[in-house]
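Residue numbers (my numbering), protein chains in the order written: chain A, 1 to 383; chain B, 384 to 743; chain C, 744 to 1057; chain D, 1058 to 1649.
Note that these hints are calculated values from the structure, not bench results. The beta-carbon is built from N, C-alpha and C at its ideal position, and this holds for glycine as well. Don't take every hint at face value.
Stated by the list, open to error - Just a sample of chain C residues kept apart from chain D, beta carbon distances all over 10 Å, derived: (1) A877; (2) P885; (3) L919; (4) G988.
Stated by the list, open to error - Simulated pairs of lysine-lysine, DSS-like, Cα-Cα distance not exceeding 30 Å: (5) K638(B) - K649(B); (6) K573(B) - K734(B); (7) K649(B) - K168(A); (8) K734(B) - K168(A); (9) K573(B) - K649(B); (10) K648(B) - K734(B).
Stated by the list, open to error - With the Cβ distance kept under 7 Å, some of the chain A side facing chain D (calculated, not the full set): (11) Q229; (12) A230; (13) H233; (14) A234; (15) G235.
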Amino acid sequence: MTRGALVPSRFAPVLTSLAAIVAAMILGGVFLAMRGKDPLAAYGMLFSRGLGTSYGITETLIRMAPLLIVSAGLLISLRAGVWNIGIDGQLMVGALFAGVVASAVAGQIANPLMWLAAALAGMGGGLLWALVPAILRVRWGLNEIITTLMMNYVALNVTSWLVKGPVKDPNVVPPQTRLIPQEMRLPDIAGSGVHIGLLVGLVVVLLVSVLFRNTVVGFMLDILGRNRQAAIHAGMPVNRLTLVALLASGALAGLAGANDILGVKGLFQGNWNPGYGFAAFALVYLARLHSLWIIPFAYFLSFLAIGGEMMARPLGIPTYFVEMLEGLMLLCFAVATYFERIRSPFGRAEEIETGPATAGEPPGPLVGDPVFEPVARSAGGRP
Amino acid sequence: MNRHRGRLGIIAASAVLVQATLSGSILAQDATPAATPGAGVTVEQIAVVTPSARTNQGWDQQAADAVDSVAAAAGIEPVVAENGGYDDITPILRDLAAGGAGLIICHASGYQTVCPEFAAESGVPVAVIENPGAVAPGLVADIETQAQEVAYLAGVLAGNTTETGTVGVVVSGEPPTWNYMTVGFAEGLKAANADATMLYSVIGEAAYDDAAGAKRVTEQQLAADADVIFGMGDGASFGMIQAIEEHNAAEGATKAWFIDVIGDKKVEHGDVLLSSVLFDYTGIYTQMLDDLAAGTFGDIYTMDVQNGGVRLLDLPEDLAQETKDAVAEAEAAIVDGSLTVSAISDAEEMKAKVAELFPE
Amino acid sequence: MNGSGVPLAAFVTAMLAAGLVAAVPLVLAALGEAVGEKSGLLNLGIEGMMLAGAFFGFLAAFQTGSAVLGVLGGIAAGAVLGLVFAALTVSLRVDQVLVGLAITIFGGGLTAFLYRDIFGGQNPSLNVDAPRIAIPLLSRIPVAGPAMFNQGVLFYLAFALVPAFAFVLARTRFGLQVRAVGEYPFAADAAGVDVTRTRYLAALIAGSMAGLAGAFLAVADLKIFQVGMTVGMGFIALALTMVGGWNPYRILLASVLFGLLRSLGNGLQILGIDVRTEFITMLPYIGIMIALAILAGRTSIPAALGIPYARGRR
Amino acid sequence: MANPHPPAPLSRRAGRGGNEEPIDRGPIIAMRDISKRFGPALANDHISLDLWPGEVHAVLGENGAGKTTLMNVLAGMYQPDAGTIRIAGEEVQIASPADALRRGIGTVYQHFTLVPNLSIVENVVLGDEGGFLPDLSAADAKLTAMLADFGLDVSPRTEIRNLALGQRQRVEIIKVLLRGSRVLVLDEPTSVLTPGEVTALLDLLRHLRDQGVAVVLITHKLGEALAVSDRVTILRNGRNVGEFGPDVMTGAAKESVRDRIVEQMFGATQPTETRHHGAQQSIDVSPGVAIKHPGHSEPAGEESRHSRTDAAFSRDSSFLGMTTSLRRSPSRAESGTTLLSLRGISTLGDRGAPALQDLSLDLHRGEVFGIAGVDGNGQKELGEVIAGQRAVSSGQIFLDGAEITNRGLGTATRLGIGYVTDDRLHEGSVAASSVTDNVALKAIGRQPFSNGFWLNRRAMDEEARRLIVEFGVKTPGPETAIGMLSGGNIQKLLLARELALAPKLLVCNKPTTGLDLRTARFVVQTLREQADAGKVVVLISSELDELMEISDRIGVMYNGQLVAVMPRGETDLETLGNLMLGGARRAFKVPA
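Given the sequences, and given the hints that come with them, work out the whole structure.
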């Protein structure tokens, strides 16, 4: 076995994603053709509008900011083996908090301070929303997939109630927080039309990258995600790490909400739910859970959303095409990872070492249990 | 290996930044010159952004259809950008502007901030819903709908039609428009039938598409003896209609009626449709085009009973004459100003008002 | 808001009925999910499968004018996605959560796209018969009778399927194999159970039931299709499966409680009892979390849930 | 293939006690030239094997010799890459375990294959072909009789999780017999049994043989094989290196057979078993002969490095020498001061059942404390409690007089308590992470790997490289995922990782399981050296010889209690074996 075979090219994982994207676009094209649309025209317009127009590029970059932040957060939880499906709810609560705080202090303190306050409030909101599933998981071993999902519905209702009542701007008819004047919102990057939220997004991704590459916490989160039992064995504070993963993920979702409020919307409206959650999932997987690859894929998905919208209307293609394409990409990605696995020497080794071994293990007491935390562990007296 | 990855990421990041800067300079080149207030503008293309699909035979469709018919009449091009959602619609606005839209209707109260800001930035005139504060000459017009007036007429209609004396209101959320109409309806009902009972149910928070939930709620209201349902639901309305149709199909049931809002479902559901509150935007859209040409755009445009912007769908032929008379009478009173309907947008105030009208 | 004139018996009947009918799609989807999870498959694609069932069921019924064919079409659509799920997670051993979410996204996009593309600006209703069938005698029981025994075919089917699923899981060879495969696939394999086949079948059942749940909504209950008309019911069904501890009867109980919580909320509103809408709406979701917290550790979860099985054969 | 003892001619079968069978009966199973490769490793290399009805056929070999792979091929779990299988003369493809069962081949796996949440009867009918509804009551009737025959006093409706391990194994056998198996394969069936249960099992196997079943006993324990088999096949490094037919097994004196088998198992020179029962002889394994995993290439320059493993071998070119040197060293137990004390410790096992009951123990500096016991009697839990891995429900733990009860793993590690788990794949290492990361795993929050917040990747890398060289770990490099390495190399790294933390006390749970002899020797010797350097080593092992070799004191666990603690000099294998049984009781009842 040569060393070259052992260490796959650093592009290899991303090539898998690219193959999946190409496959999905071909399938999507075939689908369009079957429905009597011209796929070449569609993709042609997608690229010409999304990449060939200034506003296409600008809007793509603006849309990237929240995607970057949300995905960086999701990455933290997924790398730690924690499923945070509650991104959307955390983002809503974070956005509401940011909207309330920002409009309350706008004009009374310097803008940068106001932004900071709002960003902190947004992170606090997202964190608060992730706290409930986090506690349920750590304290009662409740699976976070279900609880974070349920918290999304609760978030919709709670933010809606708040924005209709306690924090509503009394001077306007619709339920919304007080507007942050445009001149007090995040400024553009050197006259580009793209607000500095993009920079925040890039910095957050870089920080997350540093977290995993260079810090003890990141190292531990990675170990936790790869082998929970080994993390316990090595004396890592797994409960605290689980908590950190969910809370960090929630806080960043909240920050993304704050970013949209401060950079684009200027206020929080009832029922506002941009639904970045699913896109972030697709994105983080396509980036192969690697922090820095999030950047190009965020650009791509953002481009797809913006360009797709612009392409659909003139061609009479329902805008839902992009959503379908996203689903297709994930499905193709799933298939692609299989081929990647069987072709890689590590995949084979994994098969030998853990395949039959795992298969041969008697089912342990809820260890590695994806749905409930190993309750039996604590009953068994493990620290 | 790790170090390489790091470099890659930095390259990717800088590529993005470079593009951001580049796009800025491109934008600077092709920015549309701002319209000058006072000077007339000929609109070649009128566009509308709707939050949901235009096919919901409701809120979105009324605006989209109006844009189509106004454009046809004026011989200009209509563009309907549907499914805008409540997300940031700036990309859509930019795209519409780049496509040559001379007037953009922002057909959701959720767009009332982003659109004026976009107009200021791009110079493309826009019309928003329910934001009189944003009005700017030549740039931003505001559409106010006196929906409570026509809802009052619906209340009068319901009060005269009900045989059980119980009338239901089903809403798919509590947005301002629904609240205006609930209050108007309640006042009309009270005026027409002082002994009536009014039931009020919310399907859920933002349950605009929850047809199944709507059906359940409506069934419960029908069981509580309501025989006229005033339903404000968008997509959810289909669930209400389904409930009423099934109710009527049952043996020995008292026939129940549905009063719809914003849309005409007569062709398919004429058997249960008593009437519908129609928002007819053609008038004000035409007015806007005219004002743009004359250089007087940028005002509050009101749709009310008087100007026909809001009206009831033609009542069924076989409806009792006295009912028709009662509705006509109320309509006349509103038009001549002798009757004023309360305009309440807030959910809590709306509930207080209804409780006052129909005390326990 | 005056509820004084409300005919109480009929009103309570309607409240019960509304709660029960609301539970139907949840029960159907959750029963299928229970079989899937018992076999070790955690399917987050139910929402997408339900939408596919709703749309293709609607389409079939619309084209043929037959409610029966519509329901079958819905089941078929769910089954196809169930097979896709099985192919990716069982044969290719890809992460189940990833595949499930992908199917949910894809199902939502596909059905919305096709509905708009095929029906354009129209929102047609189905013109099919889905009559209520009153069961003699039982339907005359005061209050509960009309709620429970004067309903459509699928309503009865949903409730009849509960003991059927319980029986299949507990007593039949297939149920035995499902339980074994989800608990300890290696043992099942060694005993000669075809793990792959069993999980495929379970995924097929999970998909078909989700499709049936969707078809119930579009073909039987509402007779229309709407983009995103399942409004998260698939995810609720997923949660109810766990609240019900994979036991069909307890799933039924959980689903009915969920449905009743909603109809009770509506009932309170109608009676003029002023409760904030938002709190009523979110009550069932909080209820699920509380129920899960109470039940945590008391139900024994299928040990191999979410874990792909590889015999080690290439 | 060099086989000095060709098997008896296939056409005739020498019966036990001189009973001749008809000469036309051939083997029921004939495996020919079976090969099976896993990635780089050739697990089976042209192995041939014949199974005869009415015989117990032992397949002997060290861990990793290819026994289990061969049996998995026969069981339909794996498909062979090459070779043929004939059943009663007819060539067949065994496509799946179900197929194997249909063809009358029943396998009892090392890890039991009973579904814990199903009842006995459900497990028995599971996989049956048949109608929609399994006939449980019919199966009940058959089972009840059979359970009684097998000495099991339980209802067929008992859930498996409520049975003891020995009981479960019997249910396994019943299960495959009820499926009509004519061939019964048992993979290391005694590894989880008490000695009493072992005896009973061997009786049972003889009984089945007499009923005409072809019994295959896969084991690495020579004593068992000698006690029960009619025929022995020896595998080494994936090859079939010898076979002894009934003529030899029943004819010659046991001792001479043992010697010949040992020779086959360990090489051409005169090796002697040291890791199995009763061995007092010397063994000579010269590095040239030993233990090179097939297909496991070594990175360039490996030979030139002088690793501690190699040093161990050059210093003690014979185990006798080393053993003697160890035996010569005086027991240090009395001289050392107490480092760690357990007082009245009770705790629960993973499944919530009591695992330790009111246990007290003092550990002294400079000693190796050996813990013997049949699996499942609380050794693992005791090790975990000492190492701070498991919280106690009552009792106290003192380190140097200071109480550290339930202070958590972090504290234990900080105070210098190390632990090498027996589950190196799932607990000890993170397969997908690099060697470097695995090396740093336990001390990641401390110098030199980090300052508590920032990682020092360079220090991690340097440490990994140092340990790789010092412990002779075969890996392409420190960045290689640890899952790519062989079990022995992983074990070396885990031990190296603990030693690098310079613990005062080191708990090792079965550190030599599955290792090749050379690595096993290295590990054991390293542990002894640690103790000699004044540390405390707690060695949990199922290899009594290993315990006898390096321990200063040996404690025996039974039923969650230390039933005896003896200086090494005051005990012997027989005494230990007896104590492991819990006195003289033949216990089938181990708390589940």
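### Query
Okay, which hints does this one fail, numbers in order?
Of the numbered hints, 3, 7 do not hold.
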